[in-house]
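Here is how the chains run, residue by residue.
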Amino acid sequence: MPFIDEIIKYKSLSIVGLEKNTGKTECLNYVLRRLEGSGRRLALTSIGIDGERIDQVTHTGKPEIDLYENIVFITSETHYRQKRLDSEILDITTRRTPLGRLVTARSLARGKVMFSGPSDTLWLKTIIENMAAYKVDTTIVDGALSRLSPGSPAVTECMILNTGAAVSANIPKLVSRTRFVYNLIKIPAFQSCLTDKLLALEKGIWAIDNNNQIHDLQIPSVFLLKGHEEQLFRFGTTLYVTGAVSDKMLDLLRMQKAIRDTVLVIRDFTRLFVKPETFRAFIHSGGQIRVLVNTTLIAVCVNPVSPEGYVLNSSELCSILAETLQIPVYDIKKL
Amino acid sequence: MFSNAISKVSGLRYIADSLELQSSLGRQHLLKQHFLIDGKDIDFQLNRVSVFVDLLTGIKGKSKAEGTVGQMTHVMAEKAPCPTDTGNSDKIDQLRHALSEVHDISSTLSFLQSGLTLDDIGLFEVKRFALLVDQISSILRQLNCMAVKLAETGKVIDILDPDKQRIPHFYIYDSYSNTLANLRKQYDCLIKTDLQKAEAVRVESLEVEDGIRLQLSMELKPFAKELMESLTSIADLDVWLAKATLAVKMHYCKPVIGITVTEYRQLFNPEIADALESRGKTFQPVDIDLMESPCIVTGANMAGKTVLLKSVALAQYLFQYGFYIPALKAEIVPVERVITSMADDQSELRGLSSFAAEMLNINAIILASRSHKQLLGLIDEPARTTNPHEGLALVNALLDILQKGNVRSLITTHYSGFVSDCRRLRVKGLKTDELAVKPTIETINDHMDYSLVEVQSDQVPLEALRIAAILGIDEELIAGASRYLENKRNTNI
Numbered sequence: 001m002p003f004i005d006e007i008i009k010y011k012s013l014s015i016v017g018l019e020k021n022t023g024k025t026e027c028l029n030y031v032l033r034r035l036e037g038s039g040r041r042l043a044l045t046s047i048g049i050d051g052e053r054i055d056q057v058t059h060t061g062k063p064e065i066d067l068y069e070n071i072v073f074i075t076s077e078t079h080y081r082q083k084r085l086d087s088e089i090l091d092i093t094t095r096r097t098p099l100g101r102l103v104t105a106r107s108l109a110r111g112k113v114m115f116s117g118p119s120d121t122l123w124l125k126t127i128i129e130n131m132a133a134y135k136v137d138t139t140i141v142d143g144a145l146s147r148l149s150p151g152s153p154a155v156t157e158c159m160i161l162n163t164g165a166a167v168s169a170n171i172p173k174l175v176s177r178t179r180f181v182y183n184l185i186k187i188p189a190f191q192s193c194l195t196d197k198l199l200a201l202e203k204g205i206w207a208i209d210n211n212n213q214i215h216d217l218q219i220p221s222v223f224l225l226k227g228h229e230e231q232l233f234r235f236g237t238t239l240y241v242t243g244a245v246s247d248k249m250l251d252l253l254r255m256q257k258a259i260r261d262t263v264l265v266i267r268d269f270t271r272l273f274v275k276p277e278t279f280r281a282f283i284h285s286g287g288q289i290r291v292l293v294n295t296t297l298i299a300v301c302v303n304p305v306s307p308e309g310y311v312l313n314s315s316e317l318c319s320i321l322a323e324t325l326q327i328p329v330y331d332i333k334k335l
Numbered sequence: 001m002f003s004n005a006i007s008k009v010s011g012l013r014y015i016a017d018s019l020e021l022q023s024s025l026g027r028q029h030l031l032k033q034h035f036l037i038d039g040k041d042i043d044f045q046l047n048r049v050s051v052f053v054d055l056l057t058g059i060k061g062k063s064k065a066e067g068t069v070g071q072m073t074h075v076m077a078e079k080a081p082c083p084t085d086t087g088n089s090d091k092i093d094q095l096r097h098a099l100s101e102v103h104d105i106s107s108t109l110s111f112l113q114s115g116l117t118l119d120d121i122g123l124f125e126v127k128r129f130a131l132l133v134d135q136i137s138s139i140l141r142q143l144n145c146m147a148v149k150l151a152e153t154g155k156v157i158d159i160l161d162p163d164k165q166r167i168p169h170f171y172i173y174d175s176y177s178n179t180l181a182n183l184r185k186q187y188d189c190l191i192k193t194d195l196q197k198a199e200a201v202r203v204e205s206l207e208v209e210d211g212i213r214l215q216l217s218m219e220l221k222p223f224a225k226e227l228m229e230s231l232t233s234i235a236d237l238d239v240w241l242a243k244a245t246l247a248v249k250m251h252y253c254k255p256v257i258g259i260t261v262t263e264y265r266q267l268f269n270p271e272i273a274d275a276l277e278s279r280g281k282t283f284q285p286v287d288i289d290l291m292e293s294p295c296i297v298t299g300a301n302m303a304g305k306t307v308l309l310k311s312v313a314l315a316q317y318l319f320q321y322g323f324y325i326p327a328l329k330a331e332i333v334p335v336e337r338v339i340t341s342m343a344d345d346q347s348e349l350r351g352l353s354s355f356a357a358e359m360l361n362i363n364a365i366i367l368a369s370r371s372h373k374q375l376l377g378l379i380d381e382p383a384r385t386t387n388p389h390e391g392l393a394l395v396n397a398l399l400d401i402l403q404k405g406n407v408r409s410l411i412t413t414h415y416s417g418f419v420s421d422c423r424r425l426r427v428k429g430l431k432t433d434e435l436a437v438k439p440t441i442e443t444i445n446d447h448m449d450y451s452l453v454e455v456q457s458d459q460v461p462l463e464a465l466r467i468a469a470i471l472g473i474d475e476e477l478i479a480g481a482s483r484y485l486e487n488k489r490n491t492n493i
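Residue numbers (the numbering used here), protein chains in the order written: chain F, 1 to 335; chain A, 1 to 493.
Treat the hints loosely; a few may be bogus.
Calculated pairs, DSS-like style, for lysine-lysine (alpha carbon to alpha carbon, straight line, at most 27 Å) [claimed, not checked]:
(1) F/K186 to F/K173
(2) A/K249 to A/K164
(3) F/K112 to F/K333
(4) F/K203 to F/K9
(5) A/K197 to F/K112
(6) F/K125 to F/K203
(7) F/K334 to A/K192
(8) F/K83 to F/K135
(9) F/K275 to F/K9
(10) F/K226 to F/K248
(11) F/K334 to F/K112
(12) A/K164 to F/K135
(13) F/K83 to A/K197
(14) F/K135 to F/K112
(15) F/K112 to A/K438
(16) F/K248 to F/K173
(17) F/K186 to F/K135
(18) F/K275 to F/K186
(19) A/K192 to F/K333
(20) F/K186 to F/K125
(21) F/K112 to A/K428
(22) A/K155 to A/K281
(23) A/K192 to F/K83
(24) F/K333 to F/K20
(25) A/K428 to A/K438
(26) F/K83 to A/K428
(27) A/K8 to A/K249
These are calculated hints, taken from the structure and not from any lab test. Here the structure is a predicted model, which is why all the values come from computation and not from measurement.
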């Protein structure tokens, strides 16, 4: 498999699914299998827990991951106690997630572990950075693409996106939705010396003027834009929105005279909660979107089987996607 | 408790926030500290802090200001010396780092103490803690510091580290049991060939592991109490080190336990001093003595009388929570209670007029003066909100009660005409010799002399009009007031 050679170039990888049951767990297990014996030291964790609850509702099985010896893994106390393998505890946090503190451990034999992880992006980033202390080469994050999750997998250097029949049983629709997310992932990074400063901002809308000065526009959230419109461009047309960006905000910016000079900076692509049409219209009108944190999509994996049992034509799906996206596409069942 | 005092005493939160505590254990411990009344307890705490002050500043041996109760009326405390490169700084950094690694494992330890079996996470916590205790002990030994007693954790570490790796990792090691080691080997082979058999072997090995956890927990149980005590000692250590660090950095002094007189030399208020400094100004420290009797403080408006009361209150609290004092020298008599009556009480919120709120505070002081031997009363301008005629009478009566009860107290006032023969201090106020430069509202502080002088006369300084003029108050008002004063003087003559 070619994308394994890609993975080992990076220090961190997230594996995300466009929907549940797009084969994320299979993909993760596949990546682990392929990296076994490569000599790479791996670490594994996950973002949050919300994906799993849905699994328990639809009874499609718990996402247990098969580990082999000498993998560092981070999971919650609750899931650590349910592990089915021998492992050595290396550390435990004082900070808690809904499932308890996070345990860092090293697998000593083969076995299965259920994953849960840090509940926000910054914590995940710290954990990935701390893995250097255990001489980890690549950290793999079982990621969720959920608007509910404050954690974003975009902090990893590279990403594999999983899509499939669970997204839509209609191939053109499936391709169109996947292409949209692909386009969001491709949003270029904001080239600036201010990235770290901006990342540290927690709320509000900020303007960046020509002298690289950051100004608080005193607008608490994009949902409260009404009545503050005239303040938006006080310090120029480069704006940084810390939280989520909605259709409303993109539409409002698009309709202004300054749209051709407008640069909208967001934390990462998961902060955009907009319809494909709105996004296209914004870009078409000359507006630019930039992210503080970006990631490289190295492959798309498809699961042609939907949870209801509907099976799409795998080779047709793969070739159409590969052609549209111009990146490698693999059927997870055939890997 | 300190956590209550923090929200009550002006300036105490500022000090608490300035403390560089390394662990949440230390933070919790500080918040639970009691207001110490016994001089011996205070002395113990201060001596512990001074051990770390000496380590930080490189003074070996006994602190020069090792005060014992009863013999230091004139031997004032030493100010914390400036930090020098002591060669200890690496070790202190290591100590701080080790402290920051300590987690509060008291619930795990009480679990162990009650005879329950710990799981791997619990055993890991105990091992990690035991290794940290060992590390902290060794750093303290290198620093020649005997002030903290920690458990000897060698045996605990041996129990949880059979392979003698001495790293804070844990699992049920193969070396605990040959049976377990063999089962694990079998499992490793079987998992590739026969999953069902492998699972059976796994179940068997889990049973062996459970037996080992039970065994380990039983072996560890006798150490639980000692480990729990070390947890407390480490919390103490964290607090002492943080207090010492603050004292050295901010030049606080080690107070001496006083018997009759509380004496401050160059007392300052850290929060206000830092606020002034950030505006390019300096706080003028003051000297003040407090006897076992009331003392009247007069002075012009803006002469810092309220700040003086707040600084004295803060210093007393710091002392009785075992802190060094923001002063050059301090000798302090421990008191059972500090009671204040200050203008910033939120009386409106309680639905009381300012007069009613003040009377209730003063009543509390009077009641306490009858039930407590040692009391510090700090009263800011009593009866200022009522007519001067009755007001003066009330203050006279209050002074009588405080004098009779030997209450160590400071009473600020603008009244004159007191009957009591108690001590009188006056804030010097506006410097008259510097009138070449006219003070303005911005610079008025620079023209104030905040130092105190003992006075005999009952006359209060009449500077209200001058200060109002400096503040830029409308001239018509000031001219009018001057006329009235003039008329009164003429009729009196």
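Output the indices of the hints that this structure fails to meet, ascending.
Hints 2, 4, 9, 15, 17, 21, 22 and 26 contradicted; others consistent.
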